[in-house]
Amino acid sequence: MSFFRAASFALGLVVVGVGLRAVPHVIAANQSSSRYDAGVATGSEPSASAPRSDPRKVAAVVFEAVLVTAAGTVVLMSPAFAAPLSAGPPALRVLSLTLVGCFVIGLFGGSPRVSFPFLPWRMYAGTPAHPPFICRVVLESAEQPSLRIDLDAAVPVLAPRRLDHLLRAQVAELQRLARGAADWERAWRIHSETLRALAALYERQHPGAAWERIVVHGGVVSAEDVERFPAMLPRLWEVVL
Amino acid sequence: MRDERVEGSAAALGALRIGVFAMWIFHVVRAPLAELAVFPADAAIPTGILRLLSASGWSGVLRAEVLGGFQSVLVVVLVLGLLGVRPYRPVALAAAVMLTLHESLIRSFSGYANHQEVPLLLTAYVLAIFPAGDGLSWPRRATASRRAPEYRAALMVVAGTLAIGYAAVGARRWSHHGFEMLFAADQFVMFYGLHHSLNHGDGTMARFLVAHPQIVSLVKWGLPVVSLLELLAPLAVASERLRLWWLLFAVCFHALIGLMIGVFFWQTSVIFALTLVDLDRLFSKRRTRR
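Line order of the protein sequences matches chains A and B.
For the first sequence, the working numbering assigns the number 1232 to the last residue and increments by one with no breaks.
For the second sequence, the working numbering assigns the number 387 to the last residue and increments by one with no breaks.
If you are wondering where the hints come from, they were derived from the structure by calculation, not from laboratory data.
Values in this document were obtained by computation on a predicted structure and should not be read as measured data.
We put the CB at the ideal spot given by N, CA and C, even for glycine.
It is possible that part of the hints are untrue.
Partner residues aside, some chain A positions facing chain B, computed with beta carbon under 7 Å [stated by the list, open to error]:
id	residue
1	VAL1065
2	VAL1091
3	CYS1093
4	MET1114
5	GLU1184
6	THR1185
Each pair of labels, with its calculated beta carbon distance range [what the hints assert, rightly or not]:
id	chain 1	residue 1	chain 2	residue 2	range
7	B	GLY154	A	ARG1180	19 to 25 Å
8	B	PRO187	A	VAL1017	39 to 45 Å
9	A	ALA1163	B	PRO187	40 to 46 Å
10	B	VAL176	A	ALA1082	26 to 32 Å
11	B	ILE312	A	PHE995	25 to 31 Å
12	B	VAL176	A	ARG1170	32 to 38 Å
13	B	TRP318	A	VAL1007	53 to 59 Å
14	A	GLU1134	B	LEU356	37 to 43 Å
Produce the entire structure from the sequences given, and follow the hints as far as they go.
Shown next, in the form of structure tokens:
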């Protein structure tokens, strides 16, 4: 593949991906500004993450697009990649480049929920603004000392860390919603059923102990709190088993 | 006369097929999928291809007998794929579709963007597209000289795709966070160190990091270097001379990440090794010696 063709192909994929990623921001910004223009008091300015409202973000996206285009061009035009692919049947070439295309578009415009397995790879790409929120699930009963559940060991099908992520999302939602509201009741039902399911799976693995409650502890922990951990972690709520 | 080099290429692709299907079998067999049926259906949000299901279809899928049956069939298909039995293409396609369903199902219970299995899934797609059942298969079959470029192309499509992925991770970090990686990285290292150690471990690593700020500084200075090397991943595809060096970096980098925050992408390292090391030559030499 020539340099020009490889660069055009890589750039085309990146532009489609960036476009897909930008569309929701542009729509949000347009809706917000049209409400403002119409004199509707929404109390909200166009989204801060809208590309046109933040020149630094636009510059970063352009720079990122240039870097990924360069990386794609190097791969596509390298003889090790291009020579065997060009010598093979056209159908294989089309399928291979479609797969690479979906992958690159997913890197920019993908969504883990919608376009799986073509999704963004942004590992450790941000500097967190706050210390981490730590969440622990503990079984309790009057007869024996309390026991922290290793979530990955208790539910290996959701390892690694997916059950932890699910529980934190539920905790965050419960903390965000107003207690007693219809949404809160629904979120609490799902959360308590999830905790009961977790306890049931744990007891299936470790029969014999009669646990009475499953308790959620959670809170923000900074480096200064580490020496007092886990005693400093607040008890959030419990579900009776 | 048999073409040893073609057979070497077919065997190299066969080795990738065996490695990838073996890793999938390990991943699928290690945990009963039916456990998902214990959780409330509305704790999950259908992901990927499963979004096409209706609410009743979704509840129907989340039944222990359906999940258990699906897992058993998937294991059989994966074993057939590993052996490379004929007809290979339908078996590999079935494996690719079923693995996509399997992973979508598990991810539906958490939006957690864990990329551990994604390269493995993409490689399964490549193995379904290309004639990966010709080499190291049971029963043994003849390889066709005209297919020599296809064997090699399959390995390079996998390596190239992953290299672009790594470059994208580095590009993201450099373009959006640039020098912040150096000036605010203490916070970054402490965040992930505490997050992993306190959520998933007993807190030993968190206490170690708090007591040894020099380690935090070391990791902090390593971050831009790692991001730069990730950005250079496509050179490992382009240059044979750089491949082993880059592979060494990838293994060390993943091992370090595994030590620090408990996320070890060993599958990706294995795929890189199977595609970047010149297995064609190794297999050709073995055959010539025989």
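Here is how each hint holds up against the structure:
1. Checking VAL1065 of chain A against chain B: minimum C-beta separation of about 4 Å stays under 7 Å; hint holds.
2. Because the smallest distance between the Cβ of VAL1091 of chain A and any Cβ of chain B comes to about 6 Å, under 7 Å, the interface hint for this residue holds.
3. Violation of the interface hint for CYS1093 of chain A is found here, the shortest Cβ-Cβ separation to chain B being roughly 9 Å, above the 7 Å cut-off.
4. Proximity of MET1114 of chain A to chain B holds as hinted, the smallest CB-CB distance being about 5 Å (cut-off 7 Å).
5. For GLU1184 of chain A, the interface hint holds, since its Cβ comes within 7 Å of a Cβ in chain B; the closest pair sits about 4 Å apart.
6. The criterion of a C-beta within 7 Å of any C-beta in chain B is met by THR1185 of chain A, whose closest approach is roughly 5 Å, and the hint holds.
7. For GLY154 of chain B and ARG1180 of chain A, the Cβ-Cβ distance of about 22 Å falls inside the hinted range of 19 to 25 Å, so the restraint holds.
8. Between PRO187 of chain B and VAL1017 of chain A the CB atoms are about 44 Å apart, so this pair conforms to the stated range of 39 to 45 Å.
9. Between ALA1163 of chain A and PRO187 of chain B, the C-beta spacing of about 44 Å keeps the proposed range 40 to 46 Å intact.
10. As the Cβ distance of VAL176 of chain B to ALA1082 of chain A is approximately 28 Å, the hint placing it in 26 to 32 Å holds.
11. Take ILE312 of chain B and PHE995 of chain A: their Cβ atoms lie about 48 Å apart, and the range 25 to 31 Å is violated.
12. Between VAL176 of chain B and ARG1170 of chain A the C-beta distance comes to about 51 Å, which lies outside the given range of 32 to 38 Å.
13. Take TRP318 of chain B and VAL1007 of chain A: their Cβ atoms lie about 36 Å apart, and the range 53 to 59 Å is violated.
14. Between GLU1134 of chain A and LEU356 of chain B the C-beta distance comes to about 39 Å, which sits within the given range of 37 to 43 Å.
Hints 3, 11, 12 and 13 from the list above are not met by this structure, while the remaining hints are.
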